[in-house]
Amino acid sequence: MPLDNVVFWVFAPIAVASAIGMLVMRSAVHAALFLVVNLFCIAVMYLLLDAPFLFAVQIVVYAGAIMVLFLFVIMLLGVDSPLPIRERLRVQRPLAFALAAGFVVELFVALRAGVGFATRAPDGFDLVNAPDNTQALAEVLFRDYFFPFEVTSVLLIIAAVAVMVMAQRKARAVTQAESDAAAATMATPGAEEGPA
Amino acid sequence: MRTPVAYFLLLSGILFALGTVGVLTRRNALLIFMSVELQLNAVNLSLVSFSRMHADLTGQVLAFFSMVVAAAEVVVGLAIIVALFRRRSSIDVDDARELRW
Amino acid sequence: MVASELTRLVDTAAFGPLPLLWLIPALPLAAAMLNLFAGARLGRAAGWLGTAAVGASFVISLTVVNQLMGVAAEERLYVQHLFDWIDVGSFKVGVDLRLDAISATMILVVTGIGSLIHLYSIGYMRGDPRFGRFFAYLNLFVFFMLMLVLGQNYLLLYLGWEGVGLCSYLLIGFWFDQVANVEAAKKAFITTRIGDSAMMIGLALIVLRFGTLDFDAVFGAAAGTLTGGAATAISLLLFAGAIGKSAQVPLHVWLPDAMAGPTPVSALIHAATMVTAGVYLVVRSAPLFELSPVALDVVAWVGLITVLFAGTCALAQVDIKRVLAYSTISQLGYMFLAAGMGAYHAAMFFLVAHSFYKALLFLGAGSVIHGMQGEQDMRHMGGLARRMPITALTMTLAAFSLAGFPLLAGYFAKDIVLEIANTNERWGFYVFGSVGAVFSALYIGRMLFLTFAGRTRSEAAEHAHESGPILWGPLVILAVGAAGGGLLSSNPEGLIARFLEPVVGLVPEGTAGLAEPAFVAVAVVISVVGLGVAWWVWGSGRVDWLAVRDRLEPLPRTMMAGWCVDRGYDLLVVQPGKALSRIVAFVVDAKIIDGAVNAVGTGVQRAAQAGRLLQSGFVRAYALAVFVGAVGVLTYVGLRA
Numbered sequence: 001m002p003l004d005n006v007v008f009w010v011f012a013p014i015a016v017a018s019a020i021g022m023l024v025m026r027s028a029v030h031a032a033l034f035l036v037v038n039l040f041c042i043a044v045m046y047l048l049l050d051a052p053f054l055f056a057v058q059i060v061v062y063a064g065a066i067m068v069l070f071l072f073v074i075m076l077l078g079v080d081s082p083l084p085i086r087e088r089l090r091v092q093r094p095l096a097f098a099l100a101a102g103f104v105v106e107l108f109v110a111l112r113a114g115v116g117f118a119t120r121a122p123d124g125f126d127l128v129n130a131p132d133n134t135q136a137l138a139e140v141l142f143r144d145y146f147f148p149f150e151v152t153s154v155l156l157i158i159a160a161v162a163v164m165v166m167a168q169r170k171a172r173a174v175t176q177a178e179s180d181a182a183a184a185t186m187a188t189p190g191a192e193e194g195p196a
Numbered sequence: 001m002r003t004p005v006a007y008f009l010l011l012s013g014i015l016f017a018l019g020t021v022g023v024l025t026r027r028n029a030l031l032i033f034m035s036v037e038l039q040l041n042a043v044n045l046s047l048v049s050f051s052r053m054h055a056d057l058t059g060q061v062l063a064f065f066s067m068v069v070a071a072a073e074v075v076v077g078l079a080i081i082v083a084l085f086r087r088r089s090s091i092d093v094d095d096a097r098e099l100r101w
Numbered sequence: 001m002v003a004s005e006l007t008r009l010v011d012t013a014a015f016g017p018l019p020l021l022w023l024i025p026a027l028p029l030a031a032a033m034l035n036l037f038a039g040a041r042l043g044r045a046a047g048w049l050g051t052a053a054v055g056a057s058f059v060i061s062l063t064v065v066n067q068l069m070g071v072a073a074e075e076r077l078y079v080q081h082l083f084d085w086i087d088v089g090s091f092k093v094g095v096d097l098r099l100d101a102i103s104a105t106m107i108l109v110v111t112g113i114g115s116l117i118h119l120y121s122i123g124y125m126r127g128d129p130r131f132g133r134f135f136a137y138l139n140l141f142v143f144f145m146l147m148l149v150l151g152q153n154y155l156l157l158y159l160g161w162e163g164v165g166l167c168s169y170l171l172i173g174f175w176f177d178q179v180a181n182v183e184a185a186k187k188a189f190i191t192t193r194i195g196d197s198a199m200m201i202g203l204a205l206i207v208l209r210f211g212t213l214d215f216d217a218v219f220g221a222a223a224g225t226l227t228g229g230a231a232t233a234i235s236l237l238l239f240a241g242a243i244g245k246s247a248q249v250p251l252h253v254w255l256p257d258a259m260a261g262p263t264p265v266s267a268l269i270h271a272a273t274m275v276t277a278g279v280y281l282v283v284r285s286a287p288l289f290e291l292s293p294v295a296l297d298v299v300a301w302v303g304l305i306t307v308l309f310a311g312t313c314a315l316a317q318v319d320i321k322r323v324l325a326y327s328t329i330s331q332l333g334y335m336f337l338a339a340g341m342g343a344y345h346a347a348m349f350f351l352v353a354h355s356f357y358k359a360l361l362f363l364g365a366g367s368v369i370h371g372m373q374g375e376q377d378m379r380h381m382g383g384l385a386r387r388m389p390i391t392a393l394t395m396t397l398a399a400f401s402l403a404g405f406p407l408l409a410g411y412f413a414k415d416i417v418l419e420i421a422n423t424n425e426r427w428g429f430y431v432f433g434s435v436g437a438v439f440s441a442l443y444i445g446r447m448l449f450l451t452f453a454g455r456t457r458s459e460a461a462e463h464a465h466e467s468g469p470i471l472w473g474p475l476v477i478l479a480v481g482a483a484g485g486g487l488l489s490s491n492p493e494g495l496i497a498r499f500l501e502p503v504v505g506l507v508p509e510g511t512a513g514l515a516e517p518a519f520v521a522v523a524v525v526i527s528v529v530g531l532g533v534a535w536w537v538w539g540s541g542r543v544d545w546l547a548v549r550d551r552l553e554p555l556p557r558t559m560m561a562g563w564c565v566d567r568g569y570d571l572l573v574v575q576p577g578k579a580l581s582r583i584v585a586f587v588v589d590a591k592i593i594d595g596a597v598n599a600v601g602t603g604v605q606r607a608a609q610a611g612r613l614l615q616s617g618f619v620r621a622y623a624l625a626v627f628v629g630a631v632g633v634l635t636y637v638g639l640r641a
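Protein chains in written order, with the numbering used here: chain V, 1 to 196; chain Z, 1 to 101; chain H, 1 to 641.
The hints are simulated quantities; they were obtained by calculation from the structure and are not laboratory data.
Keep in mind that this is a model prediction, so the values were computed, not measured.
Beta carbons are placed, not taken as given, at the ideal position from N, Cα and C, and that holds for glycine.
Any given hint might turn out to be false.
Stated by the list, open to error - Computed Cβ-Cβ distance ranges for the label pairs, DEER-style:
no.	chain 1	residue 1	chain 2	residue 2	range
1	V	Arg120	H	Val637	21 to 31 Å
2	V	Arg143	H	Val626	29 to 39 Å
3	H	Leu639	V	Val91	21 to 31 Å
4	H	Gly611	V	Arg143	44 to 54 Å
5	H	Gly611	V	Val7	29 to 39 Å
6	H	Val626	V	Ile20	14 to 24 Å
7	V	Phe149	H	Ala607	29 to 39 Å
8	V	Arg120	H	Val604	56 to 66 Å
9	H	Ala625	V	Arg120	20 to 30 Å
10	V	Arg93	H	Val587	48 to 58 Å
11	H	Val626	Z	Arg2	36 to 46 Å
12	Z	Arg2	V	Phe146	31 to 41 Å
Next comes chain V alone, as it looks inside the complex (with noise of 0.2 Å):
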């Protein structure tokens, strides 16, 4: 039995519990772990499609920040209390199921009729991937994507500075009633009200 058999046969299912297991959960820093495990196993997967470099970016970027920064904002808000389980929308669960499972079905069916479960992929990757992935992607993406490239770090500055600007907690323009309210108040200099 070829180890790629083996290697997928292992982590394709623990990929897929690891998914279930984020959408049952209750709490949110244990379905974020799960997430985190997922993510892990779709590494492993680059890695057995011959593509290393996505396998450590996948790690670095995903599993290592992406997921970190979720965890902080859960720990920030604390939101990490279950709300009630009742759902409102009548029709949504079933409704989500059912067309879960039809995309499926479809999937599979567009997949044997395409594709075909019988096709391996072709040999000849290591040609394209000489001298070694890393490289050949490099030239590939400073080469024939570069605009992309200059577009997507323009994109992440934009985000930063976005992010930048709705962290902030604005000062709103006073109104007079507010005014006569703090007026008032004046003896006792009271907290800020609430969020902003």
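Based on these hints, arrange chains Z and H on the given structure of chain V.
Positioned in the frame of chain V, the structure of chains Z and H alone reads:
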């Protein structure tokens, strides 16, 4: 690699479907966001699979970009959720119901 | 009898006044336009302008007819082409004027009597705030009437037909501040419209069959092209128009009410010219009618029935003008009776004579009303002979002429019609026509003696006086015609018959019936005895006719109301029409059509209300909708592939 490509694609599809169920079913905004991340990852997986199948690195490059954009998106999205939480002290998306008749 | 072929005058018409033919209708039209736009500024001059225009037309008509008479009988036809009007594919209609014996007669009558009535109107309408407008309408009417009789094709005839109808409406309702006048004008227009619509269908049939409306083309091809059925249909449809315009039973109801207009209007339009348009139409279309004996019989019988019907109604009227209105209806019946027997020349002669004495009667009645300060009820008149001698004398002449008093124009006119009935073994026509003559003598005698004889019956009558010369001048001139018209035709082969023969064919010959002396005796007896009885009952003062009338009630009242035909129409036509209108307006339009439109609006609103509920505000529901759509599209694409 001996595993048929279609299995990867099917795995990707299953993960995507699970992510969609999560988006539609959970009410915690952060959990919805995480389900979106799951979706994005599933798509990245399929991109890389196709890249392997067609022996073209374009798929991997696209997956790479997708990750970058996903990162930016997460940053901005979380900032929005934090701002929303500050305003109404709740991250239940069902409480944000003003966009109605 | 088929009209003989006429050859057209072309070359000889280059000289002489014939090319001035177009001026005859053009002058009144120009005067009408002038009076319409500048009438207020012209003041009294508007009346003289109008009269001068028609007078000039009369003079030109005289010269033109004179030139026409200078050529041989077979060549008395002049057609003047003015311009092309319609030229579509193979259908052409040109504005062509036709002068032959018939139209010559008509233009002389229209312009001659017309100018006298215009002159009379200057005095009668003095002081009216819309003096200029009145003459504009009168001139416009004369223009349309001339176009009617001078047209060389049916479309020009129809143009004139409709035009005179319009002018009649305008003139009947001239004093429009009173609702009754407006109602009368509307009634006239709508009633004649019924006939006009049928006539229009007749014209359409002519176009269908002949491809043209030109008289010469149609009449020339008539015998070969038309089947008996088609000829009957066309003739009857045209005659339907004549029934409306000439106030025959059953479309006669508008004429008595039309007396609401000023008296000159009644004289010109409802005695001498417009109502005779129907007779002109039938006579002009003789070649078509000749192809359908059924149509001719219908014409004759309608005429006869009208004679009797209107004659009885005239006997019971108390308004002086209404007597004359019903008399007009009755006399027109005689003309159609003649035409229906194929005696077109007799119809035309009757038309001419009737124009004279009826116009005279109306103008005289106007003079009486003027002298009576507006009173029109004969029961309040009496004894006016001494106070208004000229009017009395001229009206007596006209009344006697109508009654058929020997040697007056009316006598000859009626005589010819009855003689033809007599000699052609149309006994029904002869007998009942004579009965009608009895009625004529009675009712006109009644009118005459109630008005002028006996003792005065009211203050107004006491103080009545003769009007000025501008009012009695035309009376005198008309009286000459009413009396002396017999010169034109003292027998069926007289002047006018020979004049008209090339166009309308020979007189129906016959030798049956009463011999000449017996016939003449009967006619004289009818008129003299009739007038005598009228004098005895209403003029001599020896019979208390008011008491007799009261005792006979409700018969007189029914007769006065025209045998309640108006009520019948109201019940059968007007009320159902109004009910239908109510249904259409308030049910179909308001509820169904508006309801449908409103339902669309309401439906949209309801749909929007329902659709609005989709926006629940739950973001997850929106996301689900997106996902549903996405899966749907995927399925569709997948199935197609």
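These are the hints, each one checked on the structure:
At roughly 27 Å, the beta carbons of V:Arg120 and H:Val637 sit within the given window of 21 to 31 Å. At roughly 37 Å, the beta carbons of V:Arg143 and H:Val626 sit within the given window of 29 to 39 Å. Remark: the range hint 21 to 31 Å for H:Leu639 to V:Val91 is upheld by a beta-carbon distance near 24 Å. Between H:Gly611 and V:Arg143 the C-beta distance comes to about 52 Å, which sits within the given range of 44 to 54 Å.
Range check, H:Gly611 to V:Val7: Cβ separation about 52 Å, and the 29 to 39 Å hint is violated. A hinted range of 14 to 24 Å holds for the C-beta pair H:Val626 and V:Ile20, which are about 23 Å apart. For V:Phe149 and H:Ala607, the hinted distance range of 29 to 39 Å is not satisfied, since their beta carbons lie about 50 Å from each other. In this structure the hint that V:Arg120 and H:Val604 lie 56 to 66 Å apart at CB holds, the actual value being about 59 Å.
For H:Ala625 and V:Arg120, the hinted distance range of 20 to 30 Å is not satisfied, since their beta carbons lie about 40 Å from each other. Remark: the range hint 48 to 58 Å for V:Arg93 to H:Val587 is upheld by a beta-carbon distance near 54 Å. The hinted window of 36 to 46 Å between H:Val626 and Z:Arg2 holds, with their beta carbons roughly 38 Å apart. Range check, Z:Arg2 to V:Phe146: Cβ separation about 36 Å, and the 31 to 41 Å hint holds.
The structure fails to meet hints 5, 7, 9 from the earlier list, while all remaining hints are met.
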